[in-house]
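A.B. asks: Sequence:
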Amino acid sequence: MAVMGGSSYTRGFHALGRGAFAYLSPPGTWGWSNCGLVIAERRALLVDTQFTVSLTRELLDAIEARFPGVEIATVVTTHANGDHCWGNQLLVDAEVIGSAACEHDMAEEVQPEQLAALSGPNAPDTPLGDYMRRHFGVFDFTDVRVTPPTRTFTGQLKVPLGDRVVELTEVGPAHTDGDVIVHVPDAGVLYAGDILFMGGHPIMWTGPIDNWIAACDRIRDTGANRIVPGHGPVTDPAGVETFRAYLEWVARRAEQAYAAGLPYWEAGAPSTIPQSYGGWGNPERLVITMAAAYRALGESTHGLMEVLAHAAAAEPHKAGR
Numbered sequence: 001m002a003v004m005g006g007s008s009y010t011r012g013f014h015a016l017g018r019g020a021f022a023y024l025s026p027p028g029t030w031g032w033s034n035c036g037l038v039i040a041e042r043r044a045l046l047v048d049t050q051f052t053v054s055l056t057r058e059l060l061d062a063i064e065a066r067f068p069g070v071e072i073a074t075v076v077t078t079h080a081n082g083d084h085c086w087g088n089q090l091l092v093d094a095e096v097i098g099s100a101a102c103e104h105d106m107a108e109e110v111q112p113e114q115l116a117a118l119s120g121p122n123a124p125d126t127p128l129g130d131y132m133r134r135h136f137g138v139f140d141f142t143d144v145r146v147t148p149p150t151r152t153f154t155g156q157l158k159v160p161l162g163d164r165v166v167e168l169t170e171v172g173p174a175h176t177d178g179d180v181i182v183h184v185p186d187a188g189v190l191y192a193g194d195i196l197f198m199g200g201h202p203i204m205w206t207g208p209i210d211n212w213i214a215a216c217d218r219i220r221d222t223g224a225n226r227i228v229p230g231h232g233p234v235t236d237p238a239g240v241e242t243f244r245a246y247l248e249w250v251a252r253r254a255e256q257a258y259a260a261g262l263p264y265w266e267a268g269a270p271s272t273i274p275q276s277y278g279g280w281g282n283p284e285r286l287v288i289t290m291a292a293a294y295r296a297l298g299e300s301t302h303g304l305m306e307v308l309a310h311a312a313a314a315e316p317h318k319a320g321r
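Going by UniProt numbering, 106 is the number at position 106 of the sequence shown; the sequence numbering is gapless.
Don't take every hint at face value.
Label pairs and their computed distance ranges (CB to CB) [what the hints assert, rightly or not]:
id, residue 1, residue 2, range
1, 122, 270, 24 to 32 Å
2, 276, 113, 24 to 32 Å
3, 225, 276, 19 to 27 Å
What the hints contain is simulated information worked out from the structure, not anything from laboratory work.
From a predicted model like this one, the values you see are computed outputs, not experimental measurements.
Virtual Cβ for every residue (Gly too), placed ideally from N, Cα, C.
Generate the whole structure from the sequences, applying the supplied hints.
C.D. replies: Below you can see the structure in the form of structure tokens.
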């Protein structure tokens with residue numbers, strides 16, 4: 001997959017114009033998330049941190065190497081999933097901004113020590129344990145201290161940065177309860193957090209899906225033409241429309257399957273995915289999304305471990321595994 005402008009989808013910084021940059025983390029699967037950086041007058045706003053302390057140090061070292069003397073004054077946390085905020089503790093001198101719902105979610109999320117136990121060498125010898133080890137076992141959660149925002153908001157917030165303004169808009173609940181998108185109007189750049197996945201199936205933890213579709217419309221309405229997803233390569237408005245169409249398909253599929261009495265894990269089976277989305281990674285995550293979609297349609301809440309176990313069971317076989 002190629003980044004807009006012809007750059008390759010490679011780890012590290014990619015210039016988007018007018019002091020805006022994407023920090024990309026291929027392959028963009030579980031845990032490998034993107035960040036953003038906006039610079040004005042030697043001050044910077046960082047969009048999200050990385051999953052672990054060591055990966056966030058790598059990010060900060062890359063900033064120092066490429067932009068020596070630039071001070072990170074502000075960190076925006078787009079949502080509470082650990083792969084977007086578990087490095088916040090290293091930015092002790094910065095103001096960390098997130099939605100009020102994001103702050104609440106951070107306390108309710110699976111905590112680093114819990115995820116380490118679920119994905120480490122002593123994880124249960126079950127399909128779910130195997131799944132967690134393969135996708136999360138590569139990450140070292142040692143020394144992570146969950147660090148919530150120091151400033152919260154609801155609705156919209158304009159953040160001054162030197163001679164420019166960065167606009168934050170709360171669009172959750174969608175992917176999570178507290179999703180925020182970050183727009184840099186004078187650069188035509190938008191950082192979408194996990195409101196947007198490129199090249200991989202998204203995960204809807206909370207929903208409702210109508211809110212997520214509306215969030216895609218909010219992105220379109222900004223007029224931004226370079227859009228950084230939470231996972232995957234930089235895209236454009238056409239990429240957002242493709243993703244929006246996928247969400248509309250999920251909504252229709254959920255309504256039809258729920259009415260037919262199918263359990264959510266059958267409704268979300270990878271075999272049901274249209275060919276146009278068949279090349280996207282992690283198709284088993286549709287099971288997780290369907291569980292949330294069913295909840296919005298009236299089904300009782302299912303436990304996280306149950307939902308993850310069904311997703312693990314649905315993962316397509318990979319040769320050589």
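A.B. asks: A range of 24 to 32 Å was offered for this pair. Does it hold for the Cβ distance of residue 122 and residue 270?
C.D. replies: Given about 29 Å between the Cβ atoms, the range holds.
A.B. asks: Go ahead and decide if the range 24 to 32 Å is satisfied by the Cβ distance of residue 276 to residue 113.
C.D. replies: Since residue 276 and residue 113 have Cβ atoms about 40 Å apart, the given range 24 to 32 Å is violated.
A.B. asks: For residue 225 and residue 276, compare the CB-CB distance with the range 19 to 27 Å and indicate the outcome.
C.D. replies: Holds: the Cβ-Cβ distance is about 23 Å, inside 19 to 27 Å.
In this structure, only the earlier hint numbered 2 is contradicted, and the remaining ones agree with it.
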